[in-house]
Amino acid sequence: MDMHGAGYRHAMSVTKALRIAGLIDTSHSSQEAMDRGTAIHAALEYADQDDLEMDGLPEFIGPYLDAWTRMKLETGARIVEVEVAINDDTYRYSGRADRIVVIGEHRGVLDIKSGAAAPWHALQTAAYAQGDPAVARWTCYLTHDGTYRLVRHTDRNDWQKFLAALSVAKMRVEWGLAQEDKT
Numbered sequence: 000m001d002m003h004g005a006g007y008r009h010a011m012s013v014t015k016a017l018r019i020a021g022l023i024d025t026s027h028s029s030q031e032a033m034d035r036g037t038a039i040h041a042a043l044e045y046a047d048q049d050d051l052e053m054d055g056l057p058e059f060i061g062p063y064l065d066a067w068t069r070m071k072l073e074t075g076a077r078i079v080e081v082e083v084a085i086n087d088d089t090y091r092y093s094g095r096a097d098r099i100v101v102i103g104e105h106r107g108v109l110d111i112k113s114g115a116a117a118p119w120h121a122l123q124t125a126a127y128a129q130g131d132p133a134v135a136r137w138t139c140y141l142t143h144d145g146t147y148r149l150v151r152h153t154d155r156n157d158w159q160k161f162l163a164a165l166s167v168a169k170m171r172v173e174w175g176l177a178q179e180d181k182t
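Here the sequence shown is numbered in numbering that gives the first Met the number 0, starting from 0 and rising by one per residue.
Just so you know, these hints were derived from the structure itself, not from any lab. A virtual CB, placed ideally from N, CA and C, is assigned to each residue, including glycine. Treat the hints with care, as some may be off.
Cβ pair distances, simulated, as ranges [said to hold, decoys possible]:
hint, residue 1, residue 2, range
1, Val150, Glu44, 18 to 24 Å
2, Gln178, Arg77, 39 to 45 Å
3, Glu44, Asn86, 16 to 22 Å
4, Glu82, Asp144, 24 to 30 Å
5, Gln178, Arg155, 28 to 34 Å
6, His27, Asp144, 16 to 22 Å
7, Ala163, Ser26, 19 to 25 Å
8, Thr74, Ala41, 20 to 26 Å
9, Thr74, Gln178, 38 to 44 Å
10, Arg95, Val150, 17 to 23 Å
11, Gln178, Glu80, 30 to 36 Å
12, His27, Asp49, 34 to 40 Å
13, Arg155, Met53, 37 to 43 Å
Please take these sequences and the hints and turn them into a complete structure.
Written out as structure tokens, the structure is:
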């Protein structure tokens, strides 16, 4: 029996699910800010793969790169994997964890943000950890002034909250209240 309904033969992305469920507010986000975040994210990915070309790098990326480098040095974070695809066949969702890291004695998922902190970030990392309480979860907030804030998410209810949001998102699509491709 297909418990997800005929409309859910494919996986819904983590961020789409959170957006469709109404937990992500992008009304105050400009296209410029989103493009800047994408550029920062790409630069950090190349840096962690030792493939970043500094020539021609937009000047605004420098402080974010400095903050990321400082976070790794100060915490001893070791990058294990970069941009890891997450596919959950049981709940039919997918995503991409920015990093798999080891910090101290803890191995886990780390998401990188260049914007403001938001409650849904904890749910996003819970989805990437696929509800496994043995997997540590962090969000690293990088700022334009070259500083960072590393937040460890420890609320075990985040997984259940994500699953609830995923269910609501799928119902909204199924009932015609939202379109998955127009988030």
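- Message: Which constraints among the numbered hints does this structure fail? Numbers only, ascending.
- Response: Violated hints: none at all, because every hint is consistent with the structure.
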